[in-house]
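Participant: Chain residues, written in single-letter form:
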Amino acid sequence: MQNKSIFRYSFLLEQLVKRNFNTKYRQSVLGVLWSFLNPLMTMAVQYLVFSALFRQDISHFPVYLLTGIILFSFFNECATLGMDSIVLNGPLITKVAMPKIIYPLSRCISSLISLGISLVPLLGAMLLSGTPLTPALLLMPVAAVMTFCFALGMALILCTLNVFFRDTRFLWSVMSLLWTYATPIFYPISIIPEAWQPIFRLNPMFQLIDFMRTIVIGGQWPAWGQWGACLLAAFLPLALGLLIFRRQEDKFVFHL
Amino acid sequence: MSDAIVEVRHVTMDFRLDRNHTTNLKEYVINLLSGKRRVETFHALDDVSFSVPRGSVMGLIGPNGAGKSTILKVISGIYRPTRGEALVRGRLVPMLELGSGFDADLIGRENILLNGAILGYSKDFLLPRVEDIIAYSELQDFIDMPLKTYSSGMLARLAFSIASVVEPDVLIVDEILSVGDERFQRKSRSRMLEMMQSTGTTVLFVSHNLEQLRQMCDRVIWLDHGRVRAIGDAQTICDAYQHESEATS
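Residue numbers (our numbering), protein chains in the order written: chain F, 1487 to 1742; chain D, 4 to 252.
Keep in mind that the hints were calculated from the coordinates and are not lab data.
There are no misleading hints in this set.
With a straight-line cut-off of 25 angstroms between C-alpha atoms, the simulated SDA-like cross-links for lysine to any residue are: (1) D:Lys29 to F:Thr1566; (2) F:Lys1581 to D:Leu75; (3) D:Lys126 to F:Arg1494.
Facing chain D, from chain F, some residues (calculated, C-beta under 10 angstroms): (4) Leu1502; (5) Lys1504; (6) Arg1505; (7) Ile1579; (8) Thr1580; (9) Lys1581; (10) Ala1583; (11) Met1584; (12) Asp1653; (13) Thr1654; (14) Leu1657; (15) Val1739.
Idealized CB from N, CA, C, for every residue including glycine.
Excised from the complex, chain F in its bound form:
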């Protein structure tokens, strides 16, 4: 009998993650340094553009920006690359039997490693801007894993849709832009009219970034309400993604 559990494929998962990582920076002079530089440079640009507008409202503005940028681009990378992973590996999926979830999963794990690396410049920015380092920072991996779960859930939904309708990628590029602006990354939630705020709070990425900021900038253990919102934001989409993916994965091979 062929054992289809993911453990038999842990070596493949490892190889795919390595492949993603090795090809990402191949032929670039600075290589993995870009994982530090990218968020820092994005932060610098947004700081220049928005500091006049929002600096007074937000304490530790560079750290506030950087937290939002790092977490959101992690999510965006997982969703976008995960979405394409099944279609791009189509030639393989039609020839070798393996759990197909391995493709979006390996993409998201690669991005999680990049996220881990980009936490280093975040710590650097905290030290430079005099944000106190507190024990609450130990919760950072928890925030990262919850965001990972949400991002994987989205990747599973998007890659399934993308197999059946190749329009998905075009729709998503617009959607993700809208999502970026609808998430308080470079502005405070307080600029949103009071009546609209509950809707903005339904955004899982808002909850997850808010959780991270509570840890990083506030130096506090997040309130139970925040915990609840983030756990829901992480695991509900993941469960939905798994359900949709599992239901449809046997049909993928006919559409690749």
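Once you have looked at the hints, place chain D on chain F.
Facilitator: Showing chain D alone in chain F's frame:
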């Protein structure tokens, strides 16, 4: 039937043929609204049953579209059959269209690991054999270069070397391969025969070459329009098939 390593039981495989070829949302919605979703069902396999004894070489013949590749994909686990089941009691390795799992940006050595993992080899199995694979492929001088610098012959040699290092329980071969230059072709063909003739490995293979089938197979399955037309020893089935092909042509 405990000595059967592959058992195919009443396998039916229906393909839904979407006459409109919808791969975009607009067409899908339009077709849905106008009630024009023409979907036809095509029986690629219709109640196919057979079993393959351990260590035997089983050939598949039949005209194009008879379902030969489809049954191999069902056995490999790529297609889930509409009805029935295919049981495989052991490790199955598909002899791929060579190099499907390569990444052009990675170097040869990295591709050995990647491709091996795709074929389902474990880390413990593969790592000690990397040097053997490199030696067999005769690509020592190029193994640390990115694959995009390889010629197609070199790619084929590397792919064959990775695929043939294993001694699988079941080997799936869709048409016999000819890779590399003439010398490497001879080398790969004899390795192939060696794998086929070793008692441990069961081979399922598709070919249109009747001579090859007569030589190599113990038994042959004749598929026609998704049904098993006949199963028997290679000589008998090949003769019958040849007779009919000549009669109709």
